[in-house]
Amino acid sequence: MFSAFNKIFTPENLLFLLKGALISLGIAALSLLIGLVFGIIGASCKISKNKILRFIGNVYVEVIRGTPMLLQIMILFNVVPIIISQITGEVFRMNYYVIGIVAMSINSGAYTTELIRSGINGVDKGQWEACQTLGLTRWQTMRLVILPQAFKRIIPPVVSEFITLIKDSSLISCIGAIELMNSAKVLGNQYYEFMSPYCIAAVYYLIMTLTISYFSKKLERKLAESD
Amino acid sequence: MIKVEHIVKQFKSLKAVNDVSLEIKKGEIVCLIGPSGSGKSTVLRCINGLEIPEEGKVYINGQIYDPNNKETYSQLRSQMGFVFQHFNLFPNMTVIDNLTLAPIQVMKKSKEEAEKIACQYLQRVGLLDKKDEYPNKLSGGQKQRVAIARSLCMNPEIMLFDEPTSALDPEMVIEVLEVMKELANEGMTMVIVTHEMGFAKTVANRVIFLEDGQIVEENNAQEFFENPKTARAQEFLRKVMH
Numbered sequence: 001m002f003s004a005f006n007k008i009f010t011p012e013n014l015l016f017l018l019k020g021a022l023i024s025l026g027i028a029a030l031s032l033l034i035g036l037v038f039g040i041i042g043a044s045c046k047i048s049k050n051k052i053l054r055f056i057g058n059v060y061v062e063v064i065r066g067t068p069m070l071l072q073i074m075i076l077f078n079v080v081p082i083i084i085s086q087i088t089g090e091v092f093r094m095n096y097y098v099i100g101i102v103a104m105s106i107n108s109g110a111y112t113t114e115l116i117r118s119g120i121n122g123v124d125k126g127q128w129e130a131c132q133t134l135g136l137t138r139w140q141t142m143r144l145v146i147l148p149q150a151f152k153r154i155i156p157p158v159v160s161e162f163i164t165l166i167k168d169s170s171l172i173s174c175i176g177a178i179e180l181m182n183s184a185k186v187l188g189n190q191y192y193e194f195m196s197p198y199c200i201a202a203v204y205y206l207i208m209t210l211t212i213s214y215f216s217k218k219l220e221r222k223l224a225e226s227d
Numbered sequence: 228m229i230k231v232e233h234i235v236k237q238f239k240s241l242k243a244v245n246d247v248s249l250e251i252k253k254g255e256i257v258c259l260i261g262p263s264g265s266g267k268s269t270v271l272r273c274i275n276g277l278e279i280p281e282e283g284k285v286y287i288n289g290q291i292y293d294p295n296n297k298e299t300y301s302q303l304r305s306q307m308g309f310v311f312q313h314f315n316l317f318p319n320m321t322v323i324d325n326l327t328l329a330p331i332q333v334m335k336k337s338k339e340e341a342e343k344i345a346c347q348y349l350q351r352v353g354l355l356d357k358k359d360e361y362p363n364k365l366s367g368g369q370k371q372r373v374a375i376a377r378s379l380c381m382n383p384e385i386m387l388f389d390e391p392t393s394a395l396d397p398e399m400v401i402e403v404l405e406v407m408k409e410l411a412n413e414g415m416t417m418v419i420v421t422h423e424m425g426f427a428k429t430v431a432n433r434v435i436f437l438e439d440g441q442i443v444e445e446n447n448a449q450e451f452f453e454n455p456k457t458a459r460a461q462e463f464l465r466k467v468m469h
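The listed protein sequences derive, respectively, from chains A and B. For what it's worth, the numbering used here labels the leading residue of the first sequence as 1, then goes sequentially. For what it's worth, the numbering used here labels the leading residue of the second sequence as 228, then goes sequentially.
Please keep in mind that the hints were generated in silico from the structure rather than gathered at the bench. Don't be surprised by glycine CBs; every beta carbon is placed ideally from N, CA and C. Treat the hints loosely; a few may be bogus.
Okay, the calculated bits of chain B under chain A, using three or more residues with CB under 8 Å as the criterion [as the list claims (entries may be wrong)]:
hint: 1; segment: 299-306
hint: 2; segment: 325-339
Negatives, chain A to chain B, calculated, CB over 10 Å [to be verified]:
hint: 3; residue: L14
hint: 4; residue: L25
hint: 5; residue: V37
hint: 6; residue: V91
hint: 7; residue: N121
hint: 8; residue: Q127
hint: 9; residue: T133
hint: 10; residue: S213
hint: 11; residue: K218
Next up, chain A with everything else stripped away, as it sits in the complex:
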């Protein structure tokens, strides 16, 4: 029954999956970083005094969080290139990985918007008032007093967002990107045996996620110390 089992455990295959794992990790990391930029912009919109900006921020967060990530990836993969082709009149193609990273960044940005916003709102109102009485401007207050304090609250949930992104990066296997999930599938197809490649993939995912959450817990404890 498991005749193919031993054949799969070759250094080449393990390396092939490892490469997939690294691609998953890289995609997740890049998406997280770009997502953070979107998150900062989104959060600035949501806490702005301008009604229109607040509205845009809200729509972004609600639309992205209210629809499946797979759907967002598919729209970017199938629909957006057609629209661009229609407008420019030329055939538009985008790299699978780029599509994946863009989709995941936009998705992650909506979640980090909320993380950053709640981190900023979580800072005691008295801090704003103290700065106001000392004559600091809104921007000085934000930059020098509020953000450094919000930062500490934001770090732990951003790390769990990273873990989520590593797992969710498997979704872009649907559009043909060869990350960890797809690498396992390729191996399975090659040997007509799926159990072991999927199990190895699971182990790789676990190694990544557990390592990150281990360090995240350590960091959290360290941040809590100075409170």
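Position chain B relative to chain A; hints supplied.
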């Protein structure tokens, strides 16, 4: 120095301050007292601009204090120091950085100059040895003394205190009151919202008693405590002076 004319401040359906007028002269020490929810803190916050009254006007040094007039507003605000019940020190900065932040950012002082001034004020409140500590390492009384020093670094002409000892352990109250007394002796104009009747009696020139957002009685401190005129003030004093 401070003139408040018919201010009204409403929070939803509650009129926190209902037509309050008062005047405070240079060098005067005025205590606002009254039961919880009487609007005394809101009056103080309106003077500083932490709350904007819906009606009425506030004048500082004869100039109207209006948030829409950006130039005079920030200039007038910088003449007032404000001390909060909960200190509101910046937990992400050391004591000395708490004190130098505004002088450097707002008054554009150099770091050395700001630190020199900060050290002088820390010395005055007796906390120079704590200058490199973070606020979470300080006791409540020490935090409040740092907060007072932080306000003084901006060289204000008026100091506003919003229940500065209410969040402190009983043992810590005295050290904060001592610092305030010293300020009073130096001739600082002070408006103090407080429940410390003994302090009000000895330090204040004038006492304003509020209830339900209105001034019930206003008199010099000695008269007020020894010979309150209104029945409400008599009842209040009977309950708090024991």
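Structure-based check of each hint:
1. Remark: the segment 299-306 of chain B is confirmed as covered by chain A, as 3 of its residues place a Cβ nearer than 8 Å to a Cβ of that chain, reaching the required three.
2. By the rule of at least three residues with a Cβ nearer than 8 Å to a Cβ of chain A, the coverage given for the segment 325-339 of chain B holds, with 4 such residues.
3. Against chain B, the non-interface label of L14 (chain A) holds: every CB pair exceeds 10 Å, the least being about 46 Å.
4. L25 (chain A), annotated as away from the interface, keeps every beta carbon of chain B farther than 10 Å; the closest lies near 32 Å.
5. With a least beta-carbon separation of about 23 Å from chain B, V37 (chain A) lies farther than 10 Å from that chain, consistent with its non-interface assignment.
6. The claim that V91 (chain A) is not at the interface with chain B holds, since no C-beta of that chain comes within 10 Å of its own (minimum 53 Å).
7. For N121 (chain A), the non-interface assignment is confirmed: its Cβ lies about 17 Å from the closest Cβ of chain B, beyond the 10 Å cut-off.
8. Not every beta carbon of chain B lies more than 10 Å from that of Q127 (chain A), the smallest distance being close to 6 Å; the non-interface claim is violated.
9. Not every CB of chain B is more than 10 Å from the CB of T133 (chain A) (nearest about 4 Å), against its label as outside the interface.
10. Non-interface status of S213 (chain A) relative to chain B is upheld: no Cβ of that chain comes within 10 Å, the nearest being about 26 Å off.
11. Every C-beta of chain B lies more than 10 Å from that of K218 (chain A), the closest at about 21 Å, which supports listing it as non-interface.
Of the numbered hints listed earlier, those contradicted by the structure are 8, 9.
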